[in-house]
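Line by line, the protein sequences give chains A and B. The letter at position 13 of the first sequence is residue 13 when you use the numbering used here, and the numbering goes up by one with no holes. Adding 197 to a residue's 1-based position in the second sequence gives its number in the numbering used here.
Derived by calculation from the structure, the hints in this document are not laboratory data. A quick note: this is a predicted structure, and the numbers were derived from the prediction, not measured. Some hints here could point you the wrong way.
What the hints assert, rightly or not - Straight line, CA to CA, 30 Å or less: simulated DSBU-like cross-link-like pairs of lysine-lysine:
#1 A:Lys37 <-> B:Lys372
#2 B:Lys377 <-> A:Lys180
#3 A:Lys53 <-> B:Lys377
#4 B:Lys372 <-> A:Lys54
There are 2 protein chains.
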Amino acid sequence: MPRPSHADERRRQLLPIVASAFAELGYRRTTTAELAKRCKVRENILYRLWRDKKAMFVASIEFVYALSAETWRRLLAEGGDGKPPAERLLQYESEHHGESGLQRLVFAGLSETNDPAIHRALRTMYRRFHRFIGEQITAYRDDRRPPQPDVGLSAWAVIGLGTLTSIVQELNLLKSGERKRFMAEVGHLLIEGRPAA
Amino acid sequence: MPRPSHADERRRQLLPIVASAFAELGYRRTTTAELAKRCKVRENILYRLWRDKKAMFVASIEFVYALSAETWRRLLAEGGDGKPPAERLLQYESEHHGESGLQRLVFAGLSETNDPAIHRALRTMYRRFHRFIGEQITAYRDDRRPPQPDVGLSAWAVIGLGTLTSIVQELNLLKSGERKRFMAEVGHLLIEGRPAA
DNA sequence: GTATATTGTAGGTGTGTACCTACATAACCA
DNA sequence: TGGTTATGTAGGTACACACCTACAATATAC
């Protein structure tokens, strides 16, 4: 029998490179030639690992989200000297926002394609994202002080907060310190239902 | 003397068509050929009105924002049977969100280009947007009930709310009714600093 | 009417790009 | 060792796209 295929492993090796290219350049400007160059392989090797460019993009979305979620889970698991988990998440994101490139992939997927497969991938990603945030908010909340806004709505709003933060960062609309304050104060308001002290 | 130039008027005629094409297709997929077709002119006529494709895009951003702001101003001016202005704005947007295509232009500008002129145009647009929303929130607030969150932060958060709503709509993540409720409840929380009754 | 500049038409051109074909090489299993 | 198949190399193709050139037509001011 012939050689066994190491395609899965190869995909795992190259996906981070592919994803970061898409996040940096968007969908259209990320040419398959550029991808090949960054991966240090020939184009048609990429085409042996994924059916087409679209499939590379979809895989990138899934990869980047999985990576982010994993990072957050680790952060939350490492035990937080008393601080509430959702607040730690927000603080972490206010310092590392944009690093994963997730938002840039979303913008690219929304504006550069009308592809149903890509939209499906984004939808699935957002649903997972929303559920994850919702779980953190629920875990964080203190039942003793209602009224608090609906968890589902809060979770969407927190995601929107992240999206806007990423735009604000991209366009240099707020300095780093202001951005952190924005994230912390509005985040608190959305989660707790009242302004921070 | 020769014929006078009607270029300004021509630009005003064509800009709505150009802008809606960019909003619908993004930057890259909006080819100059497609623009010409929709405008029912030859390509090089567009190139006589704007230096290049980038200039057409920048003009579109300015046009669409000006149009939105004008719509909101008219809405607020027409006197609102007792309702507070910011709430009417939010309600209006929850019903008409996405119609202007402003958010799609932002996504396109952010993901499909790295052009400084385009980023400058987006930055200016956001600053105006932020100031406008801030003014509405200030006008709306009731001084008798502190504590309320910082107006500047609230205004950014409201913009973020709009952005997320547009993504949610694009991806069909919430039904229309849920989207409206989201906009109303979170908007209230952001502006007033406490959940709606 | 005529000179002059604005409009409109027709057709490139050079480049970029997704994806493919043909073939050489090397790893694996019997 | 030999047969089979994964992996790598080199080059190509068909098309799409931003932008340009050359020229005809037409509207205005005198």
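Against the structure, the hints come out as follows:
1. A:Lys37 <-> B:Lys372: Given that 30 Å is the threshold and the Cα spacing comes to 43 Å, the pair is violated.
2. B:Lys377 <-> A:Lys180: holds (29 Å)
3. A:Lys53 <-> B:Lys377: violated (36 Å)
4. B:Lys372 <-> A:Lys54: holds (28 Å)
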